[in-house]
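Engineer: Sequence:
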Amino acid sequence: MDFDRDYTMTIGGQAVSAAEVQAVINPATEEVIAHAPAASRAQLDDAVSAAKAAFPAWSALSFAERQEALRSIGQRLNHFKEDLMRLLTREQGKPRAGAEWELTGAIIWCDEIAKHELPILVAEDSPQRLIETRHIPIGVVGAITPWNYPVLLALWKILPALLAGNTVVVKPSPYTPLTTLKIGEMLRDVLPAGVLNIVSGGNDLGKWITQHPDIGKISFTGSTETGRRIMESASNGLKRITLELGGNDAAIVLPDVDPKKVAKELFWAAFQNSAQLCVAAKRLFIHADVYDDVAAELVEFAKTVKMGDGAQQGIDLGPIQNRMQFEKVKDLLEDSRQSGHNFLLGGDIPEGKGYFVPVTIVDNPPENSRVVAEEAFGPVLPLLKFDDVDEVVARANDTIYGLGGSVWSSDITTARKIAERLECGTVWINEIHAFSPHATFAGFKQSGIGVENATQGLLEFTNAQTIVTKRLLP
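Numbered as in our numbering, the sequence shown ends at 1469 without a single skipped number.
Honestly, the hints are just simulated from the structure, not real lab data.
Among the clues, some could well be false.
Said to hold, decoys possible - Restricting the straight-line Cα-Cα distance to at most 27 Å, the calculated cross-link-like pairs of lysine-lysine (DSS-like) are: (1) Lys1323 to Lys1301; (2) Lys1325 to Lys1298; (3) Lys1047 to Lys1110; (4) Lys1348 to Lys1325; (5) Lys1298 to Lys1380; (6) Lys1259 to Lys1412; (7) Lys1412 to Lys1256; (8) Lys1380 to Lys1323; (9) Lys1256 to Lys1301; (10) Lys1256 to Lys1298; (11) Lys1412 to Lys1255; (12) Lys1323 to Lys1348; (13) Lys1298 to Lys1259; (14) Lys1301 to Lys1259.
Throw the hints in and build the complete structure from the sequences for me.
Structural biologist: Right under this line is the structure:
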């Protein structure tokens, strides 16, 4: 398989080109590395028609047969893992370690999601009546995936959708379509034609998917702003939706931590993947008793981390993935500078090629400043001082978002009590970003609707059907 050219869509099990193409840019060099097809509306119709035609046979397979298909997907990904990692670094920008984490996670998800089962719930089993609720597939699923983790988050949608018996049309981000297109190519002989279709394109393609009358479910990961538009568009046909959206996650550091030991963990909590992670720690609340020491240790550790082209050895952090997001982060930094905030580290954008924003740590800015209130989605972290637990819980919850959070303390009991008060879908204690295919992942408030992973995530791709059987005729 040639990973350097011939990027085609997969529609009905066939390679499909397009009359129009979009340039794909390496964010570390700003060079065009490939051109991806830009699907027409007719080609989307073809993909949906192929998925619809494949649905009866796919949904009629035994559950065990679909479980085996998921394991086969994992085996094929593992076979091409090195090639996919290199391509992912080129189009997304993340260094090798980040690409390996993502591909390894995707392969693990294939095997672990395949272990899930669809439950049958029995409400009554009496001599007179049997009441059972089973879960049946919806039909054609439209999956719209983001540019920060294009492989793993695509699999978070594809795997449970297929396992439940649906067929799928996937639209990757126009910034990172290449790896997903190649995965579509490598799975053409693994899955029956039409079961998995990959189409690439821009915003218009996303709108066509959310409006398409033959798509019964939309699963989307991305910004809250885009999620609102998808929800509005999908409402016309009352499509089922799962939305995993933005976050402004709080990390709370209690006074009993060892600043030197916790600094490395807090750094990666905030800056993994150059902070292009929906559950990155984006507001770091530190108790006043240890604020100065934790801040100093954090800065010292940050100085040891290398940022650069992810294709080079020894690089820990890559660039912002695209110019649009790069400009947003630059604007946020400029606002912080104009507001007179104190930068403990970073703040200046280097000259030269690539969308690089240096690790920036802001010293206790006001609560209502943009750098605190907005999700940066880039390597900019405000440190915020607090004195009282009730106060910091209120501040942490004072946001439209509710995706993730973390609490750091040697006192697990106290940390647990704080965690239970945080208004977010996942709270980690003394670690962060520990995901599992068997643990539900969901957001509160404007961080999303629905659930991913675990049995609940599988059920998101089904309709509940209750069958009531009266055992004795009148």
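Engineer: Hints first: check each against the structure and report whether it holds.
Structural biologist: Hints and how they fare:
This hinted pair checks out: Lys1323 and Lys1301 have alpha carbons roughly 23 Å apart, not beyond 27 Å. This hinted pair checks out: Lys1325 and Lys1298 have alpha carbons roughly 21 Å apart, not beyond 27 Å. Simply put, Lys1047 and Lys1110 have alpha-carbon atoms about 26 Å apart, close enough for the 27 Å limit, and the pair holds. A threshold of 27 Å between alpha carbons decides the hint, and for Lys1348 with Lys1325 the separation of about 15 Å falls inside it, so the pair holds.
Taken as a hint, the Lys1298 and Lys1380 pair is honoured in the structure, with Cα atoms around 22 Å apart against an allowance of 27 Å. The straight-line distance between the Cα atoms of Lys1259 and Lys1412 is roughly 24 Å, inside the 27 Å bound, and the hint therefore holds. Pair hint Lys1412 plus Lys1256 holds up; C-alpha atoms about 23 Å apart against a cutoff of 27 Å. Under the criterion of a C-alpha separation no larger than 27 Å, the hint pairing Lys1380 with Lys1323 is consistent with the structure, at around 26 Å.
The hinted pair formed by Lys1256 and Lys1301 meets the criterion: a straight-line CA distance of about 20 Å does not exceed 27 Å. For a cut-off of 27 Å, the pair hint linking Lys1256 to Lys1298 stands: about 16 Å separates their Cα positions. The hinted pair formed by Lys1412 and Lys1255 meets the criterion: a straight-line CA distance of about 25 Å does not exceed 27 Å. Restraint check for Lys1323 and Lys1348: satisfied, since their Cα atoms lie roughly 17 Å apart, inside the 27 Å limit.
This hinted pair checks out: Lys1298 and Lys1259 have alpha carbons roughly 11 Å apart, not beyond 27 Å. Restraint check: the Cα-Cα separation between Lys1301 and Lys1259 comes to about 14 Å, which is no more than 27 Å; the hinted pair holds.
Checked against the numbered hints above, the structure violates none of them.
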